[in-house]
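Chemist: Below, each chain spelled out in residue letters.
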Amino acid sequence: MSAAFFYALAGAGLFSIGLHALLAHRHLLRKILAINVMGSGVFLVLAAMATRNGIVIPDPVPHAMIITGIVVAVAATALALVLMLKLTAETGQAVLPGRKKEDNP
Amino acid sequence: MDIPWAVMLIVLPLAAGLMAFVWPRVAQTLALFCSLAIALAVAGLALQLWRHGVFHHALGGWDAPLGIGLYADGLSLVLLTATALVVVGCSVYASAYFTIEEARRFWPIWLFLLAALNALFLSADLFNLYVTLELMGLAAVALTALSGGRDALAGAMRYLLATLSGSLAYLLGVALLYHAFGSVDMATLAGRMTPVPAAWAALGLMSAGLLLKTALFPLHFWLPPAHASAPSPVSAVLSALVIKASFYILLRLWIMLFGSFAGDGVAALLGGMGAAAIVWGSVQALRQTRLKLLVAYSTVAQIGYLFLAFPLAAAAAAWSAAAVLVLSHALAKSAMFLAAGNLLHFGGHDRIADLDRVVQRLPLSAFAFALAGVSLMGLPPSGGFIGKWLLLEAALAQGRWDLAAVILLGGLLAAAYVFKVLGHAFTQAAVTHEPTAVPARMEWAALLLACSAILLGFTATPLLSLLEVGAPFGGSGP
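Protein chains in written order, with the numbering used here: chain V, -18 to 86; chain Z, 38 to 515.
The hints are simulated quantities; they were obtained by calculation from the structure and are not laboratory data.
All of these numbers come straight from a predicted model, not from anything done at the bench.
We put the CB at the ideal spot given by N, CA and C, even for glycine.
Careful: at least some of the hints might be erroneous.
Not everything, but these chain V residues come out facing chain Z in the computed CB check (under 10 Å) [as the list claims (entries may be wrong)]: (1) Phe(-13); (2) Ala(-9); (3) Gly(-6); (4) Gly(-1); (5) Gly20; (6) Val23; (7) Phe24; (8) Met46; (9) Leu77.
For each label pair, taking beta carbons as the anchor points, the in silico distance ranges come out as [what the hints assert, rightly or not]: (10) V:Leu4 / Z:Cys488: 38 to 46 Å; (11) Z:Leu77 / V:Ile51: 22 to 30 Å; (12) V:Ser(-17) / Z:Leu445: 51 to 59 Å; (13) V:Pro41 / Z:Leu96: 17 to 25 Å; (14) Z:Phe495 / V:Ala70: 49 to 57 Å; (15) Z:Phe463 / V:Ser(-3): 37 to 45 Å; (16) V:Thr49 / Z:Gly460: 49 to 57 Å; (17) V:Ala70 / Z:Ala434: 56 to 64 Å; (18) Z:Ala245 / V:Gly79: 20 to 28 Å.
Every beta carbon over 10 Å from chain Z, so not counted as near; a handful from chain V, in silico [unchecked claim]: (19) Ser(-17); (20) Ala(-16); (21) Tyr(-12); (22) Leu(-10); (23) Ala5; (24) His8; (25) Leu9; (26) Ile38.
Turn these sequences into a full structure, and let the hints guide you.
Modeler: Have a look at this one:
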């Protein structure tokens, strides 16, 4: 098993752990962290797969993609945190409120 | 002279968005002019495609594999047309809808959303599609949260979590495809595709992510709260355009990359989910007591029709049907949300049972709602009729009676929920609330969008031939 393959597997593992946490936890901060863990997993897969079959010098294109991805992730996390703070100020707790009864009579 | 209309479609709203952010005083004027300019640029692009065939542009002179390529064919054009028409209508509506304080925050994000949508429909590579998907998602979430109440914030938060996890699944698929085939350019990939395990994994991940973002049943849980709690012009654009963007990517991926090896099983699964969406969404729409939630569940149902094209793809007309339905649903649903917004604005509530006598006092909005309903039901001569007819024809030609039955049942259920609203609007009852006047342009914006959904039925022939430019469904493409 090559090192690159090991990193790619670890990336896929991180993605799965993040997805599990996103679904399992109710607290919004944990959900936002879970999304970030998923993102790191994807970036790790991208970085690991930059060494393509038998080529010694890594391909720079996935690295450029990771940097773009990080910029997107930072912006998304900032937006998510602001929304969480606003929602906490409004409802008093940082969880998604359940469906109201009048939505589904 | 060859004007690069497609480039202007991205640069104009981006520049206008930045200027609207810096100079909030002129934001509204700027946005209205920008949306008109976009409509003209789309017309210019249509003419260009009609005369010279597909459009291709390498940004900054750098083409694939290193640079970003822009590409437009008939399918992109249909989506761009839907965007331009809906955005013009909703911008006019929004110019009377928001208070000055809200408008300051609304216009810059609105223009960014427009730029992201246009860029998405013009992208030729998978990674650029990811970036535009995220730009669009973030702008859409910010607009959903704009009114700031408890429902809007919770809806926006749920939407954000769904859209982010969807994008990450998509990006993981892009990583796998790049590893396996060494490119993110769709045309290059199309030539190199082989059914290796990485391609199957990418198909699963990218489809799951995009289906979540398109809100196909049973992944629609985030849509009704977000679309129902957003400000009305925002709901209109979310339902009309934003969910179509991820559907557009899925369609491109399927036709160019995955359809060749994924085969009937996956197509049948997508079609089955679509059929379930039609029935479930329509029944849920019928059960709602709030107008905006009813319209939002109707979107869940209408999305289902788009996915019926997958199992029927043996007939080329099925893809055209999906494209026509995308356009007609965009026009009809935006009109419906704007009309619902007028009723909400007028009465101060959107309880369907208390919508008494609005027909006498808001005739234009009630009429717009009814016309949009005609297109959703698929009655002639509307655009919805053309789309559903093509779909029905493809289903009958292939002996898929089950799908044909679902198409007809969906139309009947749509009629039921549209008349449920209109029935209450005609009742004579003492008015207990203090009505608020609705500005004329809010009524006219809804009506004109609804009329264009109907008029679409008369332009079917030129529309279908424009759709063929570059043969987007013929297996070749960008």
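Chemist: It remains to establish, for every hint, whether it holds in the given structure.
Modeler: Hints and how they fare:
1. Phe(-13): Since chain Z brings no Cβ nearer than about 15 Å to V:Phe(-13), farther than 10 Å, the hint is violated.
2. Ala(-9): violated, 13 Å
3. Gly(-6): Result: violated, 12 Å to nearest chain Z Cβ.
4. Gly(-1): With a closest approach of 8 Å, the V:Gly(-1) hint holds.
5. Gly20: Holds. Min distance 6 Å.
6. Val23: holds, 5 Å
7. Phe24: holds, 9 Å
8. Met46: At 6 Å from the nearest chain Z Cβ, V:Met46 passes the 10 Å test, so the hint holds.
9. Leu77: holds, 6 Å
10. V:Leu4 / Z:Cys488: 38 to 46 Å: Holds, at about 44 Å.
11. Z:Leu77 / V:Ile51: 22 to 30 Å: Given about 37 Å between the Cβ atoms, the range is violated.
12. V:Ser(-17) / Z:Leu445: 51 to 59 Å: holds, 56 Å
13. V:Pro41 / Z:Leu96: 17 to 25 Å: Cβ of V:Pro41 to Cβ of Z:Leu96: about 19 Å, so the range 17 to 25 Å holds.
14. Z:Phe495 / V:Ala70: 49 to 57 Å: holds, 51 Å
15. Z:Phe463 / V:Ser(-3): 37 to 45 Å: violated, 54 Å
16. V:Thr49 / Z:Gly460: 49 to 57 Å: Since the Cβ atoms of V:Thr49 and Z:Gly460 sit about 52 Å apart, the hinted range of 49 to 57 Å holds.
17. V:Ala70 / Z:Ala434: 56 to 64 Å: holds, 58 Å
18. Z:Ala245 / V:Gly79: 20 to 28 Å: holds, 25 Å
19. Ser(-17): holds, 13 Å
20. Ala(-16): holds, 15 Å
21. Tyr(-12): holds, 12 Å
22. Leu(-10): holds, 13 Å
23. Ala5: Non-interface label on V:Ala5 holds, nearest chain Z Cβ at 13 Å vs cutoff 10 Å.
24. His8: Correct as stated: the minimum Cβ-Cβ distance to chain Z is 12 Å, above 10 Å.
25. Leu9: violated, 7 Å
26. Ile38: holds, 14 Å
The structure does not agree with the numbered hints 1, 2, 3, 11, 15 and 25 stated previously, though it agrees with the rest.
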